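Listed here are the chains, written in short residue letters.
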Amino acid sequence: MPHVENVVLCRESQVSTLQSLFGERHHFSFPSIFIYGHTASGKTYVTQTLLKTLELPHVFVNCVECFTLRLLLEQILNRLNYLSSSEDGCSTQITCDTFNDFVRLFKQITKAKSLKDQTVYIVLDKAEYLRDMEANILPGFLRLQELTDRNVTVIFLSEIIWEKFRPNTGCFEPFVLYFPDYSIGNLQKILSHDHPPEYSADFYAAYINILLGVFYTVCRDLKELRHLAVLNFPKYCEPVVKGEAGERDTRKLWRNIEPHLKKAMQTVYLREISSSQWEKLQKDDTDPGQLEGLSAYTHVELPYYSKFILIAAYLASYNPSRTDKRFFLKHHGKIKKTNFLKKHEKTSNHLLGPKLFPLDRLLAILYSIVDSRVAPTANIFSQITSLVTLQLLTLVGHDDQLDGPKYKCTVSLDFIRAIARTVNFDIIKYLYDFL
Amino acid sequence: MATSSVSKGCFVFKPNFKKRKISVPIEEYFNEGKNESEDSKLRFETYQMIWQQMKSETEQMQEELNKNLFDSLIKFLQKSHSGFQKNSRDWGCQIKLREIPTAALILGVNVTDHEFTFRSLTEAVQNNVTPYVVSLQARDCPDMKHFLQKLFSQLMDCRVDVESKEEEKDIQKKTHCSMDSLSSWYMNVTQTDPGKPRKKRTSSQWPSPPVVLILKDMESFTTKVLQDFIIISSQHLHEFPLILIFGIATSPVIIHRLLPHAVSSMLCIEIFQSLSCKEHLTTVIDKLLLTTQFPFKLSEKVLQILTSIFLYYDFSIQNFIKGLQLSLLEHFYSQPLSVLCCNLPEAKRRIHFLSDNQCENIRRLASFRRYVEKQATEKQVALLTNERFLKEETQSLLESLHVYHTNYFLVLRCLHQFTSSLPKYPLGRQIRELYCTCLEKNIWDSEEYASALQLLRMLAKDELMTILQKCFSVLKSSSEKHLGSTEKRIEELLAQLQSLDAEVKEEEDASGSQSKGLQKTDLYHLQKSLLEMKELRRTGKKQTKFEVLREKVVNFIDCLVREYLLPPETQPLHEVVYFTAAHTLHEHLNAAPRMALHTALNNPYYYLKNEALKSEEGCIPNVAPDICIAYKLHLECSRLINLVDWSEAFATVVTAAEKTDANSITSEERNDIIHARFIRAVSELELLGFVKPTKQKTDHVARLTWGGC
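Top line first, the protein sequences correspond to chains S and A.
Quick note, the first sequence lines up with residues 1441 to 1875 if you use this note's numbering.
Quick note, the second sequence lines up with residues 1160 to 1868 if you use this note's numbering.
For reference, chain S alone in the conformation it holds in the complex (with noise of 0.2 Å):
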């Protein structure tokens, strides 16, 4: 199969693998494959392309549209149905609700002429999603050829090595088959494959050459390689299109097109801002460091209270509660401040994450921190809430509201040093970690 190798680029180990499974079509070939390897590492392209040049009759399923079994089972029956009965047309949706029924459904549909005598393949991509459904989906698809006693191969795509599918109870051991990642060279081969075809390809290459330079220790993603090299293609013909440079002149265009592709780097490839807006600037010739980038927003402007509760549920999540009372009691009494002072602690709390605390004592510190009287009144209450609502908070172990609920604050040291410079408020002086 000339044809294959021209399409398919750099899996030729494989390609040629997959096809001495695969065997001739009436031969019984391996129950169940399983190919795992990085993102864009070729699985989908290489399988689909494989079973479509050699014309195998075959279903292609993507697990993560079909979160339900009986969406699953249902979309293969029904594709399988249509291929074998792509002549007459007609097609009735078939509900299946168990894999029970599956099997015996199956069953019907491969007695079909068309489907008759060889073997059919069953591809379910992004198989892990399947460990999440019931548990005798993965063993029940490993050993379908078995148990409907049909010509049939099913081929599971993931990016998960097969240990962390097997099931405790064991089952059947599917082929392991490995996409190793590209390599750079692979990279160059297979993005320079695609070039426009108003200029050469010796100047895509160099083109392409120059991207991975810049790119390839943060990203292999050929995916997103070829979307960055689509996206940055235009601004590095610019010299070209303008005549100022011919499309030998390699140097001027590196020169050009380099701090652009670094500036590509921190944005677009970091969606900070959005490709539609990136070309727009590419086309305006604007600075890029005008437009702010989705985390330039940072800041959250918050009532006066929800502020000061935000700080309590900070102090509360990072302190440890025997230390209250020497924060925020006037008179604490003689702790001896250099015994006091000695961590039992030896790490951080920062370093440990946020504590849980009881309502309560949120009040309490709240209470103690503003300056004013605050009657404990609805609205606060309903500012707690809210600030669950916006996952400043959150709420640990719902069950028992009665009981005080518990919270967590889940915002970050700058994020809570902003706020309580809003209010003047020195929030480091009350952390115990700063002490």
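These aren't lab readings, by the way, just hints derived from the structure by calculation.
Hints may be right or wrong, so weigh each one.
[Stated by the list, open to error] Using 30 Å as the maximum straight-line C-alpha spacing, the simulated DSSO-like pairs for lysine-lysine come out as follows:
#1 K1481(A) x K1747(S)
#2 K1869(S) x K1846(S)
#3 K1856(A) x K1848(S)
These figures come from a predicted structure and were not determined experimentally.
Dock chain A against chain S, hints included.
Frame of chain S, contents of chain A only:
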């Protein structure tokens, strides 16, 4: 309720709706326990009218405020799927990742206001972009299944033609909602539709209008649902043109927190920021309160309560307006003379029909009595005895009140122009702060005012000119010309300042050091220059012409303030339009459930109004309800309460009350009853969340509140 059944069990009784339907018309509530003569019905109608006006005004205002945001959002929506429409065969478009266009809409933390924004946004999008607008809330979508079901059913409702709806409902039931069925449904709809004549909705000019999905509260969505949905829909994007709108209350960083890079790289996110709610509040106050359009006014305390609830607690415009409505209602309900709180001609007409009772009410007004005392003796007598004369006088007083308000707001705005640019804002940055101070007292008596004037005396010429120009335009904008002379005066001052130009230049050459003090600087430098200037003056240096003029301007605004910004209490009949019952409002809007509960249990007389329950502070009335006794006793305990001791104490208190009729029942029986009562009281306290059983110590319960003794 009784049943004919012999067996024990649960029986369902359907409430008899017909019986309950005897409802009181709302206006009847207004004259509850009051004389018919106090125009309660008219008052209610006036209230409704004014509220309707205010409501439509706010709605219109909100629409205007949102206009900018919506326009840019709609532009984004329109262009975001243009690639899809063109079906381009461009080299780039084929290779590039298909990203889902996403608008991150930052709305601020006032979640209660979002509903309104989303409603008008949906309307705007439906009118301009696509009929398919769906909005989802996190609580409807705990998992993928519900998410898609909701999406599906709402999309069906978006369809214009009703006939096909029924069939679709069936389809929906049969096929499990999956993205596959969704996109095939979409194909069906968009392909068959152009054939059929479309009803209304001229908006969908495109063959395939995009589907806009609004996620109202982005923060509350679970990561998994959102992630899976985005992965799925990005795979179907070529047949199902989806656009997402994230409603974000905090900051867009939440997107990165919720979604991993692999998922967020499927989105093409643009940020849209809505107006800050503080600015929103300023406009609301400006349009509803700082105007003579509505006769109703708030007193300083009430305004303070409303703004502080806004700024301290919730940032919610919706709640602020609700508070305003409540004060309006309360005013018309509690003040009989509020019948005159309407526009001037109507009020004048109404005065003629005032009953004797109402006239008496006018005479009883404190402000009116003060006014009468100032009049000559004959007039006093006439005012107090002659109804007709009183009515005429009231008319003129109302008119002068109206004039007072007109001038008041104009001068207030002018003063705000002067003070809003001063360093450190001695009189507040917002006009509402200035308004509050002016309402409260004579502003010119305050220290802040003095310091503001001091600072005004240091303004540079160009600043002074721009301020004067702004004042001029403020005065010009008003239709009523009570301050006509002032307008002219400002014009004169402006002209004088301009003519100074040439002279000033010469002056500057002569004394370069002088101009230093006139520049806008920070407070420290200002004080320094102040001192310098004082010294200069002491040494007898002559003032420049500009300084003379500036002094004139400052004196001029000072005079204006002293003449027109009198607090409303000084005006006769101000009670008619000013709502002053701040306490009621506070009670209603800032409820304290814990405090109320404590009061009810600690001092049952407060709510029950039973004379027997009246007691001195600290002691327990033995006739009080059991739960109150138990509560009071538990206040004296520490964190763990011994149940036996508690029960003993309870029995002692209770038996003290029942000593007299104790003979009728045997003591054993009585003890049992007391024991039962105690147990019930404790379990009630447990239900209210004051105590809970604990395993730390046997026969003990833990207190869940602190303080008390």
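Hint-by-hint comparison with the structure:
The hinted pair formed by K1481(A) and K1747(S) meets the criterion: a straight-line CA distance of about 24 Å does not exceed 30 Å. Proposed proximity of K1869(S) and K1846(S) is supported: the alpha carbons are some 25 Å apart, at most 30 Å. A hinted pair counts as satisfied when its Cα atoms are at most 30 Å apart, and K1856(A) with K1848(S) qualifies at roughly 29 Å.
Hint compliance for this structure: no hint is broken.
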